[in-house]
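Asker: Spelled out, the chains give:
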Amino acid sequence: MIETHHLSKLYSRGLHALRDLTITVAKGEFVFLTGPSGAGKSTFLRLLLLQERPSEGDIVVNGHDLSKLSRREIQEYRRGIGFVFQDFKLIPNRTVLQNISFVPEVLGVPVAQQRRKAFQVLKWVGLQHRMSAYPHDLSGGEQQRVAIARAVASEPVLLLADEPTGNLDPDLSLEIMNLLREINSGGTTVLVATHDRELIRLVGRRTITLDQGRVVEVA
Amino acid sequence: MRALDYALREGWASLWRSRGSGAFAILAITLAMIALGILLLVTWNVERLLAEWSSAAEFSVFLRDDASSEQRGEIEATIDRSGVMEQRQYVSKGEALARFRREFTELASLAEGFEDNPFPASLEVRVRPEAEADGRAIALVQRVAALPGVADVRYDREWLARLSSGLAAVRGAGLALSLVLALAAAVTVASVVRLGLNARRDELEIMQLVGSPIAFIRGPFVAEGVLQGGCGALMALGALWLGFAAVNLWWGAGLAMMLEDRSLQFLPVQLSTALVAGGMVVGGAGGFAASRHAV
Numbered sequence: 037m038i039e040t041h042h043l044s045k046l047y048s049r050g051l052h053a054l055r056d057l058t059i060t061v062a063k064g065e066f067v068f069l070t071g072p073s074g075a076g077k078s079t080f081l082r083l084l085l086l087q088e089r090p091s092e093g094d095i096v097v098n099g100h101d102l103s104k105l106s107r108r109e110i111q112e113y114r115r116g117i118g119f120v121f122q123d124f125k126l127i128p129n130r131t132v133l134q135n136i137s138f139v140p141e142v143l144g145v146p147v148a149q150q151r152r153k154a155f156q157v158l159k160w161v162g163l164q165h166r167m168s169a170y171p172h173d174l175s176g177g178e179q180q181r182v183a184i185a186r187a188v189a190s191e192p193v194l195l196l197a198d199e200p201t202g203n204l205d206p207d208l209s210l211e212i213m214n215l216l217r218e219i220n221s222g223g224t225t226v227l228v229a230t231h232d233r234e235l236i237r238l239v240g241r242r243t244i245t246l247d248q249g250r251v252v253e254v255a
Numbered sequence: 039m040r041a042l043d044y045a046l047r048e049g050w051a052s053l054w055r056s057r058g059s060g061a062f063a064i065l066a067i068t069l070a071m072i073a074l075g076i077l078l079l080v081t082w083n084v085e086r087l088l089a090e091w092s093s094a095a096e097f098s099v100f101l102r103d104d105a106s107s108e109q110r111g112e113i114e115a116t117i118d119r120s121g122v123m124e125q126r127q128y129v130s131k132g133e134a135l136a137r138f139r140r141e142f143t144e145l146a147s148l149a150e151g152f153e154d155n156p157f158p159a160s161l162e163v164r165v166r167p168e169a170e171a172d173g174r175a176i177a178l179v180q181r182v183a184a185l186p187g188v189a190d191v192r193y194d195r196e197w198l199a200r201l202s203s204g205l206a207a208v209r210g211a212g213l214a215l216s217l218v219l220a221l222a223a224a225v226t227v228a229s230v231v232r233l234g235l236n237a238r239r240d241e242l243e244i245m246q247l248v249g250s251p252i253a254f255i256r257g258p259f260v261a262e263g264v265l266q267g268g269c270g271a272l273m274a275l276g277a278l279w280l281g282f283a284a285v286n287l288w289w290g291a292g293l294a295m296m297l298e299d300r301s302l303q304f305l306p307v308q309l310s311t312a313l314v315a316g317g318m319v320v321g322g323a324g325g326f327a328a329s330r331h332a333v
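Just so you know, the protein sequences line up as chains A and B, in that order.
Numbers in my numbering are just positions in the first sequence, counted from 1, shifted up by 36.
Numbers in my numbering are just positions in the second sequence, counted from 1, shifted up by 38.
Careful, some of the hints might be misleading.
Within a straight-line C-alpha distance of at most 20 angstroms, the following computed DMTMM-like cross-link-like pairs (lysine to aspartate or glutamate) qualify [said to hold, decoys possible]:
1. A:Lys-125 to B:Asp-240
2. A:Lys-125 to B:Glu-243
3. A:Lys-63 to A:Asp-94
4. A:Lys-153 to A:Glu-191
5. A:Lys-159 to A:Glu-218
Derived coverage of chain B by chain A (criterion: at least 3 residues anywhere in the stretch with Cβ under 8 angstroms from a Cβ of chain A; other residues may be distant) [stated by the list, open to error]:
6. 40-50
7. 244-255
Here are the in silico distance ranges between beta carbons for each label pair [claimed, not checked]:
8. A:Lys-159 to B:Leu-42: 25 to 35 angstroms
9. A:Lys-159 to B:Asp-240: 22 to 32 angstroms
10. B:Val-307 to A:Asp-101: 56 to 66 angstroms
11. A:Ala-62 to B:Ser-59: 48 to 58 angstroms
12. B:Val-218 to A:His-41: 51 to 61 angstroms
13. B:Gln-303 to A:Arg-108: 49 to 59 angstroms
Worth flagging that the hints you see were computed from the coordinates, not collected in a lab.
Glycine included, every Cβ here is placed at the ideal spot set by N, Cα and C.
Construct all of the structure, not just a fragment, from the sequences and the given hints.
Answerer: Shown next, in the form of C-alpha cells:
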C-alpha cells in the first residue's frame, strides 16, 4: 500500500525532517509510526497527504507515484485517504451530522446518500444521539470519534492518524484505538503516528520507530 | 450542477454570516452601478431622441420675395423628383407672419412697424429617414440652394452632429468613471470575501485534504461575490428608478416642453437586466479574485 524509497525532507533552514527513509506498509496492515517529538512522524504523514513534497526520494501509495500526480490526480488520490488529527479539525459552525456529511457533500454525493452514510458511521461510533450537537458541545473523546466517523464516511483505502489520542485520557485512547482496529479489520490500511508507547504495547501491531528523521527500529 | 447548488447555498450562507462587512461591498457595487446606470439612462435617452429627431428631419427652402411662380414650380419639381421628400408644404409670407405671432407671442411686437411683411415664403420639406441617412438629403439641399428664386436653405443638422459627438464624449468619460468605480467595487468585494475565506481556513483545509473538486472549494466565494453584485445592482436599479421618478415629478413638464413634447423614459428591460448582470459580473470577478487564495 505504501512504499517509500530513500525519502528525505529538508527544510529551508537546513533542518532534515526525514533522512533516507525506505518503508513498506502492506495493504490491509495496521502500523504504528512512533518516535519522540521532532522525529519526523507528522512530516511523513504530510508527505503522504501531499501537503508537502519530498526533497528527495519517491513515495508510491496504492500504485500512485506521488511525484507524478497532476493537480486533478492529487484530488482523486486524496479521495481514497481518510485522516484523523490530534486537534480533530471539525468545522465549528456545523453540527456533528453536517461535519460527517461534509466530505461526501464536497465530493458531490447526492444529499440522501450523504445523510444515510453519515448516520450509518455516526451510529457505528456510537454518537447518533449527538448528531445535532455542535463540536464545542462534545468532549474530546466524542470529537475524535466524530473525526473518525468523518474519515471513514468516504470509505478510504488508507487511513492516516496523526496523534489521534494526543488529547485524550488512557481509557478514551484505547476506545479510539479499538475503532481504528475495527476500521482496519474491514480491509482499510491504517497508519497511526503516536508517541504513546503504552498504547502501542496494548494494541500490539507492527511499529516503525523514527528518530531525527531516520528509521531506527522496525518491530 | 451539484457544485453550483453547493456554491449558491454556501455563498448565500456566507453572505448572511458576514452581512456587516458584506453591506460595504454591496454599497460599493450599488454606487458603481448607479454611476453606470445614470450614464446608461442619459445616453440611452439622448440616443433615442436623436434617432427620433433624425428620422423627423426637415429642411426649409426660403424663397426670394421676387421669386416668380415658374421659379417656385421648378424648385418644387426638383424636390418632388428627388425621391428624398416624404411631405412638402408651402408656407406663404402671410402664414409665416401669423405663425410667428402665434408661436412667439411675447416677441410678436418685433414684427410690428415694418412697411412690408419681413417674413419670406418658404417650402418646408419633411425628409425620408433613409435619405437623411444615406446623404441624398444633403445633396438635394445643395442642389436646391443653387436654383434661381431661392434666398436660403436651412437644413441645420450640425447641432445634431454636435450633440452626437458630445454624447460620445459623455459616454467615454462616464464609462471611464464607471470602470474605475466597478474596479473599486470588485476590490471591495474581493476584500470582504477574503475576510470570510480566512474565517473558513479549517473548512478549506479539510476540503483540500479530502480531495474536494476545485469548483466546490472556490465556487462558494465566486457565488458570494455574484450575490453581492446582484444585490448591489438591484439596489442601484431601485435608486435609479426613484431618482428618475423624482426628476419626472419635479421637472417633467419643463423637460417635455424643451424636448418638443417628447418625454424621458426609464431604462428598458434589456438594459436594466444588463445592469444587474453587470453588477453580478463585477461581484463575481471580486469573488473569483478572492477565491484564488482558497487553494
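Asker: Mind listing which of the numbered hints don't hold for this structure, in increasing order?
Answerer: Structure breaks no hint.
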